[in-house]
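Participant: Same order as they appear, the protein sequences are chains W and E. Following my numbering, the numbering of the first sequence begins with 123 at its first residue and continues without gaps. Following my numbering, the numbering of the second sequence begins with 44 at its first residue and continues without gaps.
Hints are computed from structural coordinates only; laboratory data are not their basis. Each hint should be verified, as a subset may be incorrect.
Claimed, not checked - Residues on chain E that point at chain W, a partial pick, calculated with CB under 8 Å:
1) L91
2) H128
3) A312
Claimed, not checked - On the chain E side, residues computed to face chain W include the following (Cβ under 7 Å):
4) A109
5) L115
6) A126
7) R131
8) A142
9) T143
10) R210
Even glycine gets a Cβ: it sits at the ideal position worked out from N, Cα and C.
Take a look at the letters that make up each chain.
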Amino acid sequence: MSTLTRETRSVPRPEPGVSFAGAVSSEWIKFRTLRSSWAVLLAAVVAMIAIGGLIGYVTGSNWNGKLDPEDRVVSAPLQGLFLAQLLIGVLGVLFVSGEYTTGMIRSTLAAVPRRLPVLLAKALVYGLVTLVTLIPTTFLAFGTAQLFLHHFGHGSSLSAPTALRSILATAVYLVLIGLLGSALAWIVRSTPGGISLLVAILLVVPVIFGVLPGQWAKDVTHYLPSEAGASFYSSLQSDGALTPGAGLLVLVVWVALAMAGAVVLLRRRDG
Amino acid sequence: MIEARALTKRYGDKTAVHDLSFTVLPGIVTGFLGPNGAGKSTTMRMILGLDAPTSGRVTVNGLSYADHRAPLREVGAMLEARAIHTGRSARNHLLAMAATTGIGRRRVDEVIDLVGLHEVADRRAGQFSLGMGQRLGIANALLGDPATIILDEPVNGLDPEGILWIRNLLKQLAAEGRTVFVSSHLMSEMALTAEHLIVVGRGTLIRDVPVAEFIASASSNSVRVRTPDPIRLRGLLTGEAVTVSSSTEGQLDVTGLTTDEIGLRAAAAGIALLELSPVQASLEQAFMELTADAVEYRSFGPDREEVAV
């Protein structure tokens, strides 16, 4: 018998079909077998922790100098998230857009022609990997900052008000931004397109609303992903901002809407 | 078995495939032949459910591709070799594909050996040569040990050894009772590999025939005659339904007469013949004649309007 022929022909048990578990397993293999996945994820981890330490040192050593009020709050050492959100967002974009730029998507969709399981499996794998990585990361960033702050006598602990919420929320915020990046990449099917769109939503749109005259523009700003996210992770409630819970909800709605758009397009478009 | 019924695909106002119906049977290699841009790749993408037909339907073993419980075990396909992430090794690519359908690691190793990529399986696919990429694409197609195999231009970029390997592999797969559907724009390649031909041009079906019949029906057989006295012989042969042309000094190309007729007439007139041989039109010629009106881009020619379509 040649190597091409079925070797299990005599076995009555049916061979496994395509399944969601299979799609998840496939996406996990895809994620972990790309060097770029780990490189970008590592960069985000390093950024969070290094910037946390830097903020702890600068804030601690200048405690009585000229500091903004938000520099002294408990969540201040987590501001590495402004850089980390771009890295995590790019990771989310790349995990999807890499399939399109290389042509891999055709193999992927041929293996799982129902398509929806691919999108869900990618989101699940991405969400779990980043969450599992980022929760320890945000704790470490906070802890690194405290080493310096305690040295200067201004440290706080996990039991401080809002500390635990800020640490966990920062990790969750970053994961959600990554998922938003993935959804955008499904929609535009290109790496530069996905990254530009994500950066515009996170950094450019809030600035535009900020300079628009009128209270309505300020009100709208609170509902943008970046600002809703800030309400969720920050120790400091700015005027008129959403509560942490509402901030999380608004952010989740943004991600869900983008994913819904991605699902509709993925099912309708030619691969 | 692949069955296409009135398959049509339009992109905007451009029709890529028009009312295409054909059946691809198991047990033989079926060639899908047509000039570049004839709609072969589009048709193959529709078979795999990657592109949705504008109208019509195509099934594999009675079901739409996506309706199969385990599509990879039903149909193995290679659509353009580069449907692979360049940053991932060949082995990891195959492992990821296999995982979707619960295909084990042992089968992955098996197909790697089968296509001869054993030594480079852990190298990033982006560093592969065109030929290695083709082999990886074929490994991918064979992963689920499918009963139907669809390959889009598999010999592209292969060296002669690779081409021979593909030819034998396709024949072997067909001999095992599988449905083997292979596209090409090279008639000569199909003549050596396929038993049946589906010829398309500009998205429509031109012929659906056994290879042997295609050659016989499409060929304009002629006879080549060499003689020291071509002028006299030409006068002797010229007649109704006979054309005589001469490309080289002392040589005539005759259509409309058999070798016997020419030989006897020459003998009767006492003309010496140095050569008298039947010339069968090459497959490439037959193909060119058939698809002459269906070539999407022509280098030049008087009918410019057709070129623009």
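Participant: So, against the hints stated earlier in the document, which numbers end up violated here?
Facilitator: Those not satisfied are hints 3 and 10.
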